[in-house]
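Sequences listed follow chains X and U, in order.
FYI, my numbering numbers position 303 of the first sequence as 908, with every residue one higher than the one before it.
FYI, my numbering numbers position 17 of the second sequence as 19, with every residue one higher than the one before it.
Read the hints as simulated data drawn from the structure, not as lab findings.
Since we're looking at a predicted model, the values are computed, not measured.
For glycine and all other residues, C-beta sits at the position ideal for the given N, C-alpha and C.
Heads up, some of the hints might be wrong.
[Stated by the list, open to error] Have a look at the derived ranges for each label pair, beta carbon to beta carbon:
(1) X:800 / U:200: 50 to 58 Å
(2) U:185 / X:960: 33 to 41 Å
(3) U:26 / X:765: 53 to 61 Å
(4) U:26 / X:863: 29 to 37 Å
(5) U:158 / X:863: 22 to 30 Å
(6) X:776 / U:62: 43 to 51 Å
(7) X:744 / U:109: 53 to 61 Å
(8) U:60 / X:777: 35 to 43 Å
(9) U:101 / X:777: 57 to 65 Å
(10) X:863 / U:200: 33 to 41 Å
(11) U:275 / X:964: 29 to 37 Å
[What the hints assert, rightly or not] Just some of the chain U residues that point at chain X, by a computed CB distance under 7 Å:
(12) 10
(13) 11
(14) 111
(15) 128
(16) 135
(17) 147
(18) 250
[What the hints assert, rightly or not] Straight-line alpha carbon distances no greater than 25 Å define the calculated SDA-like cross-link-like pairs of lysine to any residue that follow:
(19) U:124 / X:690
(20) U:124 / X:863
(21) U:173 / X:986
(22) U:124 / X:986
(23) U:89 / X:986
(24) U:142 / X:775
(25) U:124 / X:934
(26) U:89 / X:878
(27) U:89 / X:771
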Amino acid sequence: MSQSLSSIARFSASDLFKGKGQPGGRVAPFVVILLAVTVLASAANLLLPESSPFYVSTYTITLLGKYLSYAMLALAVDVIWGYCGILSLGHGAFFALGGYAMGVYLMRQIGDRGVYGHPELPDFMVFLDWSELPWYWLGMDQFWFAMLMVLAVPGLLAYIFGWLAFRSRVTGVYLSIMTQALTYALLLAFFRNEMGFGGNNGLTDFKDILGFDLQSDTTRVALFAITALMLALTFITSHWIMQSRLGKVVVAIRDGEARARFLGYRTDNFKVWLFVYSAMIAAIAGALYVPQVGIINPGEFSPINSIEIVIWVAVGGRGTLIGAIVGALLVNYAKTRFTAIMPDGWLFALGALFVLVTLFLPKGLVGVFSQLTERWFLMRNRSQVKNSSAEESDKPLSTGAQASAGVQTKEASV
Amino acid sequence: MSALENLTAEGKEMLRRDQVWPFLMPKQQAVDVSHQVILYVEGLNLSFDGFKALNDLNLYINDGELRCLIGANGAGKTTLMDVITGKTQCDSGTVYFGQNHNLLERSEPEIAELGIGRKFQKPTVFEAHTVFDNLELSLKTNKGVMPTLLARLTPTQLDRIDQVLEIIGLKEQRFLLAGALSHGQKQWLEIGMLLVSEPRLLLIDEPVAGMTAQETERTAELLTSLAGEHTVIVVEHDMEFVRSIARTVTVLHQGSVLAEGTMDQVQNNKDVIEVYLGEEA
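Just chain U, same shape as in the assembly:
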């Protein structure tokens, strides 16, 4: 009898109208940044055939911050981005987006859906598409197969694309194939593709590589204007550029954090001078 009662009780619990079944609960939850930290990277280890690309790496990024990552070749900057965006699996460690999203158990599209956008080292835009189409594809929408098939641009989305075209200065080239753009314009288009998707966190790998001084300056302006509303992590080799935008700089060396602080603090750090800046001087 009690078994039956249990069953009915369970059944009633299942049919409660004020609750959603667990498997129907939307997985997408807002990122919890109540502790002001948007990205927690703790104890990250990764080795390729014995080479330690990441070695017990710890990194915390505050919400709305603009952070620069610098370091010599092979210091693990791009590898770190690969792990955060789900491209590479790490050996051990944890990566949390806010306090509630474990990034290590998610795939690349899921991570992108959470609001983490990435710009690659080499500009990667869809060359067979126009600038406009590139941005349209990057819009923050439902990206399932059927919704994509039936998708129509809404006026709000059109406005958003126009707005971004204005920001990245490609308004006149909107119907040009992306393959016809110059290198610098491609870099900008890729940043635009990130912007139009309204991400929380932008990972930007070498944004000014191959840009003229003028373009570099405009990029610096753009990135600093983004910080605040978005959180931005920039990997860059160009020290002049880093100096112009950075509030906080993290120096990576052999897969772990060597120093962290303002540009001046970092440049005067003895370890840094020894392993990185020292070599250049």
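Isolated chain X (complex conformation):
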């Protein structure tokens, strides 16, 4: 009796309930699908003639690349919000900073091909009558240095912000408001021409990256493929982190920070490092986004963007890495479709979606999906148990096992 109980418990704990609120879940199927779609779409763009019904336009490729970088951004927010309970309403700031770092690099690649034809200065600096590059633009013509800055600048900002906030034990709504203020302050700063990042217009008119023409189909496809690879990579890394004991501690902090502290975990350190990790993923997403979209401007810092990311995660299902990605892809696809039909209605639709999801799908779409599969598993289990018990004519065992399985499912779906 007890053996069968625990074997059922073990089975369900190891397979059924992973990928729910807990660290775990399956990685391989998602990564395989992602990479397969990437390869197929790329091949369909590069190898097929435009007349073919299976041809994928370069526009679509770029759009997919954009969605995937949004998915990475959602992943970053999910790591910090879904697993650690820190609702950051300012993650757009890290995304935009990563984007700006990439933008500066791309600006310096233009060289003397700008409208004013200055050998070194970007157009907006010539326009502002600047005579030389500001110090923080130096070295950014080197790709490796620019990529370092993509990670370092947002990472450092996240570290300082997190260190100050988490050490003073700011949590909940207050922390969310502070992150919102952070991104708003950066928005205002980047709007200023004196800041040296192109002010209102931002950075645009990029020509090439690492010597490859940004307008060519191959470069576009390559950027899309790199974005997909990076998404897969960050997804796998995040999954690994969340499955390690660190991930368990992070969830423990979400559910009972005081308890975790009394167990001897320095919870503020854990939160700071997770925040930095999350900010870096957001920054990579931003750096991949900019060359595909072709522009970065202060609008990316706007608080509404950051709130939108949170909605993607909520729709997909927070606390599951796949949920965040699925949510970002679906909502953005809906946005593309919706804004084509009714541009003014989108924000209303988004608001309504958010309300509906919080009211009726607290675990998001992935939550609904796993509830359904669970029910299916449970039914299968039940019939199996029934069969076996009929053979052994051991009634008490089957009811006991059913009851235990029932309790588990109920709890897991709460």
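Guided by the hints, dock chain U onto chain X, whose structure is given.
Frame of chain X, contents of chain U only:
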């Protein structure tokens, strides 16, 4: 010249290979209990907006003792635990763990690392984790960020978890989510989380609240078996339970110690009868 000599002498002193630099000295030192006392609480004062939660409180706990704290609501029992575990800062007074660790200048995780475990009044377990994971998180290990990321369970740790699961009687529920446990089982799991971390001193706040008579009995057995190897301080309202486990009882009243002694001594104490037991009778 002499300045140079001083400098070289100092340099030599720095490079001595039989000594560790002061800043590299491990802070973690064994608790010094050579005087048989593991916890010294002296002259503790704490007021919240004029209300004196702790009023010149003195308390000494011997190593390996099982001590019960009783007292009416607002007598300062839980506040005392908060101060000991670093959750609340006190206004004045000293709290020493052994003779060498000043608890007042340490944070909650540092105090936990020293070997002081705490069970809350309301059972607080990590409900989204399984029973097993709850215990794994409580293991006595290096709890820095990187070591936690790379942590693997060693066979010894697995055995320890199994052992504790046996003690708290949750062996069959090991892969059940902690949120699915009954109230009594959660209380036990939380005690198990303390045990698995191998603490020197256990602070246990109302362990039998909401337990059935049978569970209460088992808890009493468990706590008495712990004393000796560990030092246990129990806060409890259930007088029957206190009577069943206590060797020494401390009665708190309005933030200070009113009486101390065996259960019989305390119950016959005039002051106690007047302010605490008297009210109940």
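Going down the list of hints, with the structure as the test:
| no. | hint | verdict |
| --- | --- | --- |
| 1 | X:800 / U:200: 50 to 58 Å | holds, 55 Å |
| 2 | U:185 / X:960: 33 to 41 Å | holds, 35 Å |
| 3 | U:26 / X:765: 53 to 61 Å | violated, 28 Å |
| 4 | U:26 / X:863: 29 to 37 Å | holds, 32 Å |
| 5 | U:158 / X:863: 22 to 30 Å | holds, 29 Å |
| 6 | X:776 / U:62: 43 to 51 Å | violated, 37 Å |
| 7 | X:744 / U:109: 53 to 61 Å | violated, 41 Å |
| 8 | U:60 / X:777: 35 to 43 Å | holds, 38 Å |
| 9 | U:101 / X:777: 57 to 65 Å | violated, 41 Å |
| 10 | X:863 / U:200: 33 to 41 Å | violated, 21 Å |
| 11 | U:275 / X:964: 29 to 37 Å | violated, 57 Å |
| 12 | 10 | violated, 40 Å |
| 13 | 11 | violated, 39 Å |
| 14 | 111 | holds, 5 Å |
| 15 | 128 | holds, 5 Å |
| 16 | 135 | holds, 6 Å |
| 17 | 147 | holds, 5 Å |
| 18 | 250 | violated, 25 Å |
| 19 | U:124 / X:690 | holds, 22 Å |
| 20 | U:124 / X:863 | holds, 13 Å |
| 21 | U:173 / X:986 | holds, 23 Å |
| 22 | U:124 / X:986 | violated, 36 Å |
| 23 | U:89 / X:986 | violated, 47 Å |
| 24 | U:142 / X:775 | violated, 28 Å |
| 25 | U:124 / X:934 | violated, 42 Å |
| 26 | U:89 / X:878 | holds, 23 Å |
| 27 | U:89 / X:771 | holds, 16 Å |
Hints 3, 6, 7, 9, 10, 11, 12, 13, 18, 22, 23, 24 and 25, counting from the list given before, are not met by this structure.
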